[in-house]
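Q: Let's have the full structure, built from the sequences with the hints guiding it.
The listed protein sequences correspond, in order, to chains A, B and C.
If you're matching positions, the first sequence starts at 862 in my numbering and goes up one per residue.
If you're matching positions, the second sequence starts at 3 in my numbering and goes up one per residue.
If you're matching positions, the third sequence starts at 39 in my numbering and goes up one per residue.
There could be a bad hint or two in this list.
Claimed, not checked - Below are the DSSO-like pairs computed for lysine-lysine, each with C-alpha atoms no more than 30 angstroms apart in a straight line:
1. C:K72 with B:K160
2. B:K231 with C:K297
3. B:K231 with C:K74
4. A:K933 with C:K166
5. B:K231 with B:K255
In short, the hints are calculated from the structure, not lab data.
Single-letter residue listing:
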Amino acid sequence: MNKTLLEVKDLTKYYPIRGGLFQRNKQYVKAVDGVTFSIREGETFGLVGESGCGKSTTGRSILRLIEPTSGKVYFDGREITKLNHQELRNIRKDMQIIFQDPYASLNPRMTIGKMMEEPMIVHGISDKSLRRQKVREMLEVVGLNAEHGDRYPHEFSGGQRQRVGIARALMHQPKLIVADEPVSALDVSVQSQVLNLLQDLQETFRLTYLFISHDLSVVRYICDRIGVMYLGRMVELGERDALYDRPLHPYTQALLSAAPIPDPEALRERIVLQGDVPNPANPPVGCAFHPRCPYAVETCRTTRPAFREAESGRFVACHLYETGGEPVA
Amino acid sequence: MLKYVLQRMGHLIPVLFGMSIIVFSIIHAIPGDPAEVILGQRADPEAIKTLRAQLGLDQPLHVQYFHFLERILQGDLGTSMVTKQPIVEEMVPYLAATAELAIFSMIIAVIFGVNLGILSAWRRNTWLDNGAMALALVGVSMPIFWLGLVEQWLFSVKLDWLPVLGRADVRDTITPITHFYLIDTLLAGNTGQFWSVLKHIILPGIALATIPTAIIARMTRASMLEVLKHEYIRTARAKGLHDFFVVYKHALKNAFAPVLTVIGLQLGTLLGGAVLTETIFGWPGVGLYLFNAIGARDYAVIQSGILVLATIYIVVNLIVDLLYAYFDPRIQYK
Amino acid sequence: MQTDRVHANQSVSINSNYQKARSPWMEGWRRLRKQKAALIGGGIVILFVLIGLLAPVLAPYDPTEQNLKINLQPPSSDHWLGTDDAGRDVFSRLLYGARISLTIGFFSVIGSLVIGGLLGLLAGYFGKWIDTLISRLFDMMLAFPSILLAIAIVAILGPGLFNALLAIAIINIPTFGRLIRSRVLSVKQEEYIMAARAQGMTQWRLIFRHVLPNSWVPLIVQGTLGIGTAVLDAAALGFLGLGAQPPDAEWGKMLSDAKGYITNAPWLMLCPGIAIMLSVLGFNMFGDGLRDALDPKER
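A: Following this line, the structure appears as structure tokens:
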């Protein structure tokens, strides 16, 4: 088995929100609330959940693009959360990010060649012609023309822009790439091209992905292991096939039952969730999912379930599995 | 709301502090020794020394500053170096004259500016709109002291309709009650004098109102266009209300808040412009007082004039901000 | 005939493809060209700049040469715009005045733009106490009606052309500073800034290569309009005797000299006023057009 590349322990990110006029005690939105998982070298780890569940915040906190409130992140044996500004800057070579919106994530006033050259400049490659050469090579690696380097972002289509984003992330041949909904802003026809590109690159450069998405079919296609998030918390984690075949957490069950079924012969009963996603500023006591859970029992309303290993390599945060018995479902 | 008021006033503290520093610096910026400047170069060294002690100039700078603050807070603006009179007493009639002129100009500016803006928005992209906006552009591009000179040349010299200088006919003596001559003459029941005073205020009033009129017109037009896009205006139109009436009543109510801000901000232009306008028209206000003091290098008066005008400006802006917050429910009192 | 048309069509399509604006600037320039008012404004500005540059060549007389025998003469073929109370040629003085006014306008705006821009950039980018400090400084300066602050500053520094320039530069610092601060605040939130941070950009590079290039466009517009305002302010200070000193041919000073002669020599006050108005109008029209061309959303 490969060694662990990234380890996230009890990661939290709270955003303060303004209270009323004379309220002294501050309130917080718990965007990420005690998330723990690890990623092995060379694998693709999927982070799924509805929008607003904190999966993007998790991804950005790991890279410290957003400062986490508490918790620890170990990358390649080093504690990211303890690094100072300079150390963090240096380690960014090894951990990169691809953003969701290829229109927003490219500086509109810079040619893409300059943009791709920049990481090399700041990380000390002073030979200009070498940098240019690498830019041209990388553009071709991601399926663009070497001449495209002189153009500005607005001259590209969405899919092409995303390729630029990927090329930029690859300039230093990082070990880890956080792919934050990399295809969800693209046309369906382009999505698969970009996904295939990501897979090819993984092989060529031996990359490890943290793949964040709300699209279950995309995640199933590309990921090896998957973590499911709900309201800032990780509710289930497991190998892809095991998770898709036999989801344990009622939320995962509901999520999968709502997704389009790739195999039309497989029959599945659709579980329709009751109610809306609760306000993250004021999540329910106990298990955050209990108001919508069809199997909720008294404990769910009072005690937050621990995130524990239900079976080998399979983690779940649900009271139904704490006695080791099968769920009601 | 109360918290907002307090917070907003709290913001004033550094502002007032900075202003006091600047104003305080003025007296110390006089080339050479202020005492020497006051007494003249051939003055007796002993006398200069006494005066220096009197003015506190022999003390360390921060001590002088605190004395200065103490004095100002007690409402003592010092003594004019030229007339040797207490500045506070001297300034009252000047202040009233400036206030009268500024208020008169603001009324002109609001009446013309708001209506011009509404008309432009209502008849968007017609010759009326284009003409009004071109006029507004010329208005903000013109030095108002030059406009004053042109007015004098045209209406006083060429046409002989209105008086060139001053606040009232010199031969008339007006008994000051409020120091607002338009009001004083009415109170005295002297319509002849009232007309004369009104004639005197028209030219400087228009000159001073030019820039605020132009800016208020542009702002009103912009916020009216914004409001006119909204659904309820269309609904009101569909209901068959007469076009202009719709525009006027519904839209103005909603465009009021941003316009109010501009009006508040324009008061600065008015107070600043007062210095120039009053100089042209011999209007005996704080601006002219300040101008004469600059000419006479009466630093005590320069200091006080700037202090008083800036304070008025700050206070009025505070009031406008509070009114704005009060009228516009979308503003959060954060 | 037939083939000709095909050719024409082809070249058009190739052309339009090529013209797909290689840089955001080209796009702005294309929109600017469509604005009649902006072009007229730009034309006026260029005209005044040329006049200012070529004043020594264009002026028929020395602007400071006095000749009391021919004072207060109305416009004639010898003296196109007449002579002033000291017998100096008004036309020549006007030409030289353009030089002074534009110099003050241009350099004071450069000064406020650089200092205000830098302060605003720092305030917006770093936030926290730096922002509080700088924003309070701006508030403090804006608490004065601007011309009054200029008067106060010149009163401190002493009257004179350079001090007037300095005063005008200082009073306009907060205008530019606030503008860029608010821009930086929003640009800072953009994803491409986060992307650049993710690349391990240095602070310095992030500010000057990513934040600044995306924040400073409104400054161009404000700068253009600011030159107009600065020309007006300079004239006002000159008029009050705080700016240019005699015998300098400065428009505001010329107006204040003309004040006493509106009855018998109105041309003395008409000409400098028109010059001021025209030049300021030029900058305002050009600036408004620039705003529409560079930032179509703002209107």
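Q: Tell me, in ascending order, the numbers of any earlier hints that this structure violates.
A: 1 and 2
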